[in-house]
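Engineer: Next come the chains, spelled out residue by residue.
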Amino acid sequence: MSARRQQLLALGIAAAGIALPFAIPDFRAQIAMLWALVIMAQTWDITGGQTGYNSFGNILFFGVGMYASVVVQRDTGLDYYAALALGMATGAAIAATLAVLLGSMILRMRGHYFAIATLGLGIAAGEIAGGWDYLGAGSGLSPPLFPAPPQTANLFFAYLYFALAALTFAALAALYRTRFGLALNAIRDNEDKAEAMGLRTGLYKITAWTIAAFVLGLTGGAMGNMLGFVDPRDTAFAGATFGVWMVLMAILGGKGTLWGPVLGATVFHITQELLWTHLLGWQRVALGLIIVGIVVFFPQGILGWARTRWPARHEQREQGSGRA
Amino acid sequence: MSAQLAIRGASKRFGGVTANDDISMEVPQGRIVGLIGPNGSGKSTLFNSIVGYHPVDGGSIRFEEREITRMRTAEIARLGLIRTFQQTHVFVQMSCMQNMAIGDAEAGRGLLRLMRPVSAETRERAETLLAFCGLYGKRHLMAGELSFGQRKLLELAMALMLRPRMLLLDEPTAGINPTLIKGVIERLQRANREFGVTLFVIEHNMRVIMTLAEHIHCLAHGRLLASGSPDEVRRDARVLDAYLGAR
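As you go down the protein sequences, you meet chains A and B in turn. If you want my numbering, it's the 1-based position in the first sequence plus 683. If you want my numbering, it's the 1-based position in the second sequence plus 33.
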């Protein structure tokens, strides 16, 4: 896409983000969820797509944010919005710290070994939270009630997640244009060479994962409030849903691209909402079929497929991360 | 005079195989030095030990008076000791300009210095060096679209972008068509002359190394067999034996 068309597209999406909650007020909750999924796909792609480090454990950061936020709301006694803001910030800070600590241990592992090491993170966190009384153990936690009717709550979360998704997108678009973005791509393409060039690959990988963790901490921080309950395995460390979805959405749209995760999350969310209503009881089967379909027919994602189909429209840009 | 690169008694074993056995040699500043030897004589192993890809089992390696024996690859690279690979290593899904921009040593490698868009100075340096390597016209192509020979040239340009003090080149002309070889030799000589980069070159093509190098070390069976000027090495009976088999 040319820079001009990208700007137009971004403007169009921004207009939609502002107008949609009023245009179709019955779907405010789904709209909020759409933006949250967009963020999850975008953050997963920082390491998974741009750096070539597939993480199956990013749900950890999401769940930590969710718990931290609700605990802060429970224990500080501040009014709703102040406690939520402080809680989200706390969750993001803890998630980022965890990413630094865990990253300095497991990001030394290359490729598949890293992926396997991350597999257990979300599960372990779910087990810990499920057995920790301070966090409500197996029955989880209940966030405070939103101080307005549900429709207003949904409007609030739709705009909150839209703002967060837009900020994340803008920040990543800028990040991928820096030499840091190039260094992440270099690690993806050939880590040995990157090291032979004197790049501090370990530091860059940890930084990338930490950025993802920070944003996911914020995302999870608001999600507990939006869903109305925090459960160790069903909402917070929900590896089988959010945890898998974030990987899937990024791959579906086209991993390692700026727009791919956004597109993938949108297509995925709409498809999934349709399946939910028409295939009640069969969602998991349908999801499985979607996964197989994506891997077989769109291994490079929708954008990757489009690029092979119409190569002329996707001529390489001169600067930036190279793949729009 | 002390050498820029000094190897003392370097040994490296892989299981029962002794790849390098008590090798000592020097590479003086600003020169072009060759490293030859039959297949399996331990040349690439020695290179890998020097750049910290794997540590030596014994001996020491010093670069510009500094002990680098136990240092890691990236640290050694930051000192200005850069190696290129026998099988080319470039970032195939990135354009040539991007391949160049990442490595700009002048723009820095620290996290904060990296968190900036590619500067005009970096682009200018990249274009100059790509032109130097004859790749200016291809600068916006993906590195993966280049031919093998062009990738080798790109790798050289990328290495120069790092402002190296010494380049370790592993078979810079292997797999390149004969017409292009001449261009590679000229560029290496110019890099040595104009940028003052010391070159330490593994090469199988005898004509290339005899033209290029001022001094040659020859390995055989993991040991240093002979050292000297190209003429001396060429006439050395032991070197001929190693290559052609003892009579």
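Each hint should be verified, as a subset may be incorrect.
As the list claims (entries may be wrong) - Now the in silico label distances, taken between C-beta atoms and shown as ranges:
(1) B:ASP55 - A:VAL783: 52 to 62 angstroms
(2) A:ALA698 - B:GLY170: 19 to 29 angstroms
(3) A:LEU691 - B:GLY143: 32 to 42 angstroms
(4) A:TRP959 - B:GLU157: 53 to 63 angstroms
(5) B:THR212 - A:ALA853: 41 to 51 angstroms
(6) B:GLY143 - A:LEU692: 52 to 62 angstroms
(7) B:GLU154 - A:THR835: 48 to 58 angstroms
Since the hints were derived computationally from the structure, they do not count as laboratory data. Beta carbons are placed, not taken as given, at the ideal position from N, Cα and C, and that holds for glycine.
Engineer: Tell me the hint numbers this structure goes against, listed in increasing order.
Structural biologist: 1, 2 and 6
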